[in-house]
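Visitor: Those protein sequence lines, which keep their order, are chains A and B. All residue numbers for the first sequence refer to the numbering used here, where the first residue is 1 and numbers rise by one. All residue numbers for the second sequence refer to the numbering used here, where the first residue is 487 and numbers rise by one.
Calculated from the structure, these hints are not laboratory results. Only true hints are included.
Below, a list of computed lysine to aspartate or glutamate pairs in the DMTMM-like style, where the Cα atoms sit at most 20 Å apart: (1) A:Lys-370 to B:Glu-600; (2) B:Lys-851 to B:Asp-788; (3) B:Lys-593 to B:Asp-942; (4) B:Lys-813 to B:Asp-968; (5) A:Lys-433 to B:Glu-648; (6) A:Lys-356 to A:Glu-439; (7) A:Lys-370 to B:Glu-514; (8) A:Lys-445 to A:Asp-89; (9) A:Lys-356 to A:Asp-144; (10) A:Lys-433 to B:Glu-600; (11) A:Lys-93 to A:Asp-358; (12) B:Lys-851 to B:Asp-940.
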Amino acid sequence: MNLTLFIPEITMVVTAAIVILLDLFIERKRWLAQVSIAGLVIAGGVAIAMWGGSYPAIFNNMLAVDSFALFFKLLFMGIAFLVILASTDYVSKFFRFQGEYYALVLLATLGMMLMAATTNLIAIYIALELTSISLYALVGFLKDRKSTEASLKYLLLGAIASAVLLYGMALVFGFTGKTQLAEIAQVIQSLPPMTLLASPGLLLGVVLLVAGFGFKIAAVPFQMWVPDVYEGAPTPITAYLSVASKAAGFALILRVFFSAFGMPVWLSLHWGYIFAALAVISMTIGNIIAIPQTNIKRMLGYSSIAQAGYLMVGLAAMGLASGGSILGQSGVLFFLASYAFTNMGAFIAIIAISNKLDSDLIAEYSGMGKRAPLLALALTLCLISLIGMPPAAGFMAKFYIFSAAVNHGLLWLVIIAVINSVISAYYYLRVVKVMWLGEAASSEKVPSSGALRLALFLCCLGVLLLGIIPGSVMKLAQLAAYIFAY
Amino acid sequence: MGSGYLTAILFLPAAGAVLIAFVLTSRERLLRWTAAIFTFVPFALSVILFALFDRSPGAAGVIQFEEKALWIAPINAHYHLGVDGLSLPLMVLTAFLGFLAVLISWKIHLRVREYFAWLLLLETSILGVFLSLDLLLFFIMWEIEVIPMYFLINIWGAGRKEYSAIKYVVYTLFGSAFMLAGILSLYFTTGSLSMLDIGQKGLALVQSIMPAAPIFWLLLIGFAVKLPAFPFHTWLPDAHTDAPTAVSVMLAGVLIKMGGYGMIRLCVTMFPPVAQQYAIILVILAIIGVLYGAAVTMRQTDFKRLIAYSSISHMGYVLLGIFALGKVSMVGAALQMFSHGLVTGLLFAMVGLVMHNTHERDLRKLGGLARQVPVITVVFSVAGLASLGLPSTSGFAAEFLVFVGSFSSSLVPGIQVFTILGVLGVVVTAGYILWMLQRVFYGPPLEQYNGTADADTLEKVYMFAFIAVIMLVGIYPAILTDIIKLGISPVVGLLGG
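Produce the entire structure from the sequences given, and follow the hints as far as they go.
Guide: As structure tokens, then:
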């Protein structure tokens, strides 16, 4: 038992506690953000130092400390860093509970870090709940009508999803008698296929797990909560939900489905095709419903459903590869990294603009190109990246993930996905058009704080770097995905 | 190894765009001159390369001025540039029109900074398509072009510009979506993104894994939308008509040539037997395009729309020349791309000038301008005659080669019939061009156009630059055909023709 391997997580807990306590004593609340960031930087530094090593699992094999977990830990901490930078203006509007806000963000991040590392069904459930409960509270933080409604809706639907997930876990446990992913895999592989097929219990368990995780990643038909929650939540939390929470869901899916159900081949083909089907309906429904939206946060909500669809193309490729290659897995990881920069960037620009406008209506963005040229340019870049056009990260991500799918005989799925990208161009470009072609309602400039500008700059830099020279991040994604190779 | 010439040509306009967008103060004169310099230098460099290009027969199929560096290791993508006989003329044409487009835009006063930034970025992306030898780089350049076009039509256009802009974007993205699927299939089957590798040994590899015909068609749809081939042509009249003048020049001049270039470079070179198998379908589409395009052109009453529709007909000849699959016909198609770029570029510039000076674009209201604007009339007439293929203009040389080459091609059954049908298009073309000239310039002068300004010095400069090149290629086509042959003959060799 080696606690040094647990230092990033411990740092997060300690930082969260310090932030809450500090909130009681200090007047200058700005420090809370700075302390949170300091904690993240320390934890991130330790995680970076651990990159490349090979370590044993800790806590009785509950938590793996592998490159896959480290990749996601760094991703989540990076996202939390950006969220906190982007929150400083927003949070200063609250009279109370600023400390709790930052602490909850840190705790949700901790939960996600654990989600990426756990290899045991029970630990997975606990990590998931830690994240979810923190997020329920954060969504309702504004305490106005919409925010409260969003929080309640998220809580109720989230609880149902958790129940479904737990039921699925129970079925898997009942069938195999194990909670450890690797042991589940052993039991499944040792049984003759006829036994497995004779009773549908295991397949039902797998399907229920897909449903439970599907809620987390906002895949159709488990997406009901998305538009209202995205619209009602504080905007930095919407950004956080859309990026980190989705990434955590995918981390879980990758690990559980590969480690426990990756073999035998017929099983992985089964869930591969389930994800292919989910990908098709998520992309199509997300994109089509996004078209008539008038609120930009709702629009990005539906867009995030569509993006989950593109990501599931990678999962389908992983299922069909049956462990033969790691292209699908590393494609998902690279897509998540580029999606994190892109969507964070878009939401940070929206935070700055809505601070001034007090509105999220797309029509109100009219003439933003004149009022805030740099913000508008950054938002344009991020939207272009969401369409999946070069030279932005979104293009490379799609190229990479779709090439994995073509490699495993999913050309038909790729054609559906690229046509969906064309549909999506229509609504993303509508925002661009309003910003650059519309008449400005007033000539007032849109102010933004230094922290927010820094966060936005980092996002845009990431979008361009991953779009133009993606080689090194692709390499990282491949290294992280190597644990999923037989 | 390359000496960086191509990189300089490719990225100087983009560098100018960045400079204009982010660095310079917003004095219009400064912005205009910067744009002019950052497009003139690449043009001058491209002329130098044109002169240095090795024309000896031994250089057939050889890529010259090649530059190659590893770009994205995990997916084996390279930064790979180079020109051969096929791409060199198109590169020179793009650089030439890119420079002239800046001159044509000299009188733009709306949001000058953004305008020139987008225009220069557009030039880089088009150049990139012609210079790239790596499929990923090629596709990125192909896609980047959409964004500047969207803004240029949307902000500086006229008429139903918002509709036209989004229509253009959706059509282009629709085509490139299929193309991306095709490129991914090529990448999967060959494990390579290098156009040269795939061109040489690709087909056998591809066919060992999946049938080649679907990939051929996926790629072809992308190019057919851009060319545009019937039935994917409906974006063209809208986009050309509503775009600002200089953008119409770029669009008609070089942008749609990306389609024809892609067909030769990817579809025919990589899948010769598949191309031969389906050539007849494409030849039929080409002839429909020629005749239908010409017939619709005849009926236009909007000055600019008329020129726009004529492009559909002229691009039909390109498609015919390519899929007749003969050596001469393909050389003719490539020459037709170059010639049409010049001629239609000039026509759009002249239409823009007439519209700017008379504030009228309805052919029924224009008339008798020959007295008021003699210089414009002469230049317009020359451009019109080049468009209908009068001997001694580039249009004649190109169409002649296309028809002779197609007629004598042995690879496509029944090609003679289709060629004869295609020749009928020339007659209709003569009809609408002469009728248009008559309606606009000849006949009794109209009083309301008294005092209309004729071309000023700057406009004369670019008009005569256009005409000089059109006549040069018309009188001595070998200056281009000798080079184009070097690019085409290896392709034809693959076909066994």
